[in-house]
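Chemist: What follows is each chain in one-letter form.
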Amino acid sequence: MKGTPAQGSVNSSPPFSFGSASGVGADYGNRPSVAALQNPTMHNNVPEVMVNSTARAPLFVRPFHRGFEKEYSEGDLLFVRREDSRASSTHNIVANLPVMNHLLRTTKKNGTDELEYDSLDHILEHWNYFGILNNDMDTGSKWQRLLNVNVRGRTRVARLWQPDNNGILRRGDMVWLGIYERTVKKNAVFCGPKGMREPMKRGTTYFEVCATLDCCNNFKDAVYLIPIGVVSQVTLKKPTTVQIQKAHSVTETCKGLERIEVLMRI
Amino acid sequence: MYSSAKRRRIKPYARATSFDFNAAFDIRHYQRIKYGNVIDPYFPAVGTNEAFQVMEGEVLMQTQKPGVRRYGDHQMHVFSFANGLEGDKSTLNSSAPGSSGPTTDDMFREKLAVMKNLKYAGVAVTEFKPEVDVFEQGFVITVAGLNTLFNAGAHTLYPGDIICADIPNPADRGQRKNRALQTGIPHEKLQFVITPFTKLAKQIGIEEASRFIMGTALSYSKPGAPVDVVLHKCNVIIAKGKRTSSEPSAPPADQPRKKKKRIINEGKNDL
Chain B
1 MKGTPAQGSV
11 NSSPPFSFGS
21 ASGVGADYGN
31 RPSVAALQNP
41 TMHNNVPEVM
51 VNSTARAPLF
61 VRPFHRGFEK
71 EYSEGDLLFV
81 RREDSRASST
91 HNIVANLPVM
101 NHLLRTTKKN
111 GTDELEYDSL
121 DHILEHWNYF
131 GILNNDMDTG
141 SKWQRLLNVN
151 VRGRTRVARL
161 WQPDNNGILR
171 RGDMVWLGIY
181 ERTVKKNAVF
191 CGPKGMREPM
201 KRGTTYFEVC
211 ATLDCCNNFK
221 DAVYLIPIGV
231 VSQVTLKKPT
241 TVQIQKAHSV
251 TETCKGLERI
261 EVLMRI
Chain G
1 MYSSAKRRRI
11 KPYARATSFD
21 FNAAFDIRHY
31 QRIKYGNVID
41 PYFPAVGTNE
51 AFQVMEGEVL
61 MQTQKPGVRR
71 YGDHQMHVFS
81 FANGLEGDKS
91 TLNSSAPGSS
101 GPTTDDMFRE
111 KLAVMKNLKY
121 AGVAVTEFKP
131 EVDVFEQGFV
141 ITVAGLNTLF
151 NAGAHTLYPG
161 DIICADIPNP
171 ADRGQRKNRA
181 LQTGIPHEKL
191 QFVITPFTKL
201 AKQIGIEEAS
211 RFIMGTALSY
221 SKPGAPVDVV
231 LHKCNVIIAK
241 GKRTSSEPSA
251 PPADQPRKKK
261 KRIINEGKND
271 L
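Chain order of the listed sequences is B and G. The opening residue of the first sequence carries number 1 in our numbering; numbering runs sequentially from there. The opening residue of the second sequence carries number 1 in our numbering; numbering runs sequentially from there.
Derived by calculation from the structure, the hints in this document are not laboratory data. Note that the Cβ used here is the ideal one computed from N, Cα and C, for glycine as well. Just to be clear, a hint being listed does not mean it is correct.
To be verified - What the simulated footprint calls covered on chain G by chain B, stretch by stretch (three residues with Cβ under 8 Å from a Cβ of chain B suffice, anywhere in the stretch; the number is not a length):
hint, region
1, 8-19
2, 199-208
Unchecked claim - Listed next, the in silico DSSO-like pairs over lysine-lysine satisfying Cα-Cα at most 27 Å (straight line):
hint, chain 1, residue 1, chain 2, residue 2
3, B, Lys220, B, Lys142
4, G, Lys222, B, Lys220
5, G, Lys11, G, Lys222
6, B, Lys109, B, Lys185
7, B, Lys109, G, Lys129
8, B, Lys220, G, Lys199
9, B, Lys194, B, Lys237
10, B, Lys109, B, Lys237
11, B, Lys70, B, Lys185
Claimed, not checked - Beyond 10 Å from chain B on every Cβ pair, some chain G residues (computed):
hint, residue
12, Asn37
13, Glu56
14, Gly84
15, Glu86
16, Gly87
17, Lys129
18, Leu146
19, Thr216
20, Leu218
21, Ser219
22, Asp228
Could you build all of it, start to finish, from the sequences and the hints given here?
Modeler: Laid out in structure tokens, this is it:
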């Protein structure tokens with residue numbers, strides 16, 4: 001009957017129905033069940049993929065003697081060691097930024113007092129930047145960690161970047177990691193990943209991985225620069241310079257930094 | 001000793017964050033190679049139809065030669081075989097029977113000449129058989145996102161390595177240079193291979209190598225094994241390294257001349 005208004009009944013065919021008759025009687029006999037109500041009646045199926053999606057890859061982590069890997073948390077920048085010795089194994093030696101800096105500062109050549117990582121080539125020969133930690137995929141084991149690592153797209157990362165003169169980090173800024181060559185001017189004490197103190201002799205030359213921006217004065221001093229991503233969301237609260245410096249060497253401090261959102265490898 | 005292990009490309013991941021588009025097969029390049037219009041090629045030409053097919057997961061290239069690219073349409077025309085590629089006039093037929101092959105110094109110079117005529121295009125998502133499929137319909141290629149490829153190159157890949165599309169080096173596999181590593185690929189077909197950026201940069205120079213950057217390796221892979229990768233056109237890497245004190249003052253022949261400052265533009269490909 002064209003032209004006459006309909007009864008107002010809902011479409012009872014999926015996906016619009018609650019799986020029950022439309023009319024609920026006085027005895028509530030036809031009321032929809034809890035399970036039926038939990039089934040979504042609206043769908044957001046779209047022909048295109050969602051924006052700002054993320055690609056992740058799993059990474060099996062070999063444990064350190066001192067259990068550094070147990071402290072890794074979401075938003076940590078991860079490096080992977082390139083090696084053949086464990087080629088048959090699927091496990092990798094993985095370091096976050098504080099552990100990486102600790103290894104660069106303290107790893108010695110066999111039987112000598114000289115640092116193993118005494119040149120950029122040596123670092124690049126043994127370490128690769130991999131991605132940013134998202135979450136743990138295997139929470140059941142206390143011996144090993146299977147990390148889910150963001151390798152492309154949107155990701156949260158510790159706010160390690162700060163423009164010079166207490167400037168403001170903005171959306172669209174490109175964030176980098178730089179490898180810097182440093183020389184200890186006087187006997188100094190550094191903090192390790194777990195906060196333990198590590199003395200260094202005066203005159204020692206070592207390498208350090210630091211967060212940097214292309215607007216920073218030290219940007220051009222880096223011997224190698226790795227692009228991390230483009231900032232897409234920033235928190236209002238700025239970390240202090242001291243916090244940022246400490247976060248480069250202490251995992252717990254790095255964990256305490258606010259997280260920003262970056263788009264990586266786009 | 002015979003091994004029953006098949007050298008296949010097993011895909012553990014969905015292709016998350018992929019960017020795909022349609023491309024056409026480079027039918028002119030195909031006809032030129034197939035019907036013997038190539039004199040003194042760098043790699044031997046091949047006559048079997050199967051060698052010209054584009055298979056899923058193969059690395060694709062475009063030719064930069066203006067004569068071949070003159071299609072007059074807006075399509076990207078790509079191919080997946082290195083057979084019959086030419087360099088400049090001085091290149092040798094490195095696989096010709098009886099040839100002693102080039103020296104190491106010559107080899108990379110010749111390789112550079114061949115690669116100057118190429119441009120990285122992407123990775124095939126669907127297959128294309130030029131003898132049966134519709135040319136106008138083309139096939140799908142991907143330039144970004146997670147993917148699993150086959151490491152048909154000569155180098156071991158480590159997680160985090162920046163990888164490049166490359167042509168196979170004639171000396172890489174000695175007498176087996178004409179044989180494809182991957183199961184199911186005709187032996188005479190020479191596929192484009194994956195090489196770490198650091199290795200390719202030493203052979204043909206940083207600037208030229210940066211044109212062929214594909215993305216980043218995510219897993220350890222020996223030659224002849226699958227490798228998980230994330231394809232991307234990632235921004236810029238700047239390297240201006242202080243080198244080791246033990247490094248010789250003159251760089252070896254296969255080293256790039258520029259040493260002071262290296263700037264790699266990874267986004268130069270105008271896809």
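Chemist: A separate judgement is required for each hint: does it hold in the structure or not?
Modeler: Structure-based check of each hint:
1. 8-19: holds (count 3)
2. 199-208: violated (count 0)
3. Lys220/B to Lys142/B: 42 Å, violated
4. Lys222/G to Lys220/B: Violated - the C-alpha atoms of Lys220/B and Lys222/G are around 36 Å apart, more than 27 Å.
5. Lys11/G to Lys222/G: Measuring from Cα to Cα gives roughly 16 Å; hence the hint holds.
6. Lys109/B to Lys185/B: 22 Å, holds
7. Lys109/B to Lys129/G: Not OK: Lys109/B and Lys129/G at ~55 Å, beyond 27 Å, violated.
8. Lys220/B to Lys199/G: 26 Å, holds
9. Lys194/B to Lys237/B: 25 Å, holds
10. Lys109/B to Lys237/B: 42 Å, violated
11. Lys70/B to Lys185/B: Violated. Lys70/B to Lys185/B sits at ~33 Å, over the 27 Å cutoff.
12. Asn37: 41 Å, holds
13. Glu56: 19 Å, holds
14. Gly84: 34 Å, holds
15. Glu86: Per Cβ check, Glu86/G is outside 10 Å of chain B; nearest 34 Å; holds.
16. Gly87: 30 Å, holds
17. Lys129: 28 Å, holds
18. Leu146: 5 Å, violated
19. Thr216: 7 Å, violated
20. Leu218: 5 Å, violated
21. Ser219: Non-interface label fails for Ser219/G: nearest chain B Cβ at 8 Å, not farther than 10 Å.
22. Asp228: Asp228/G is in fact no farther than 10 Å from some Cβ atom of chain B, at 6 Å.
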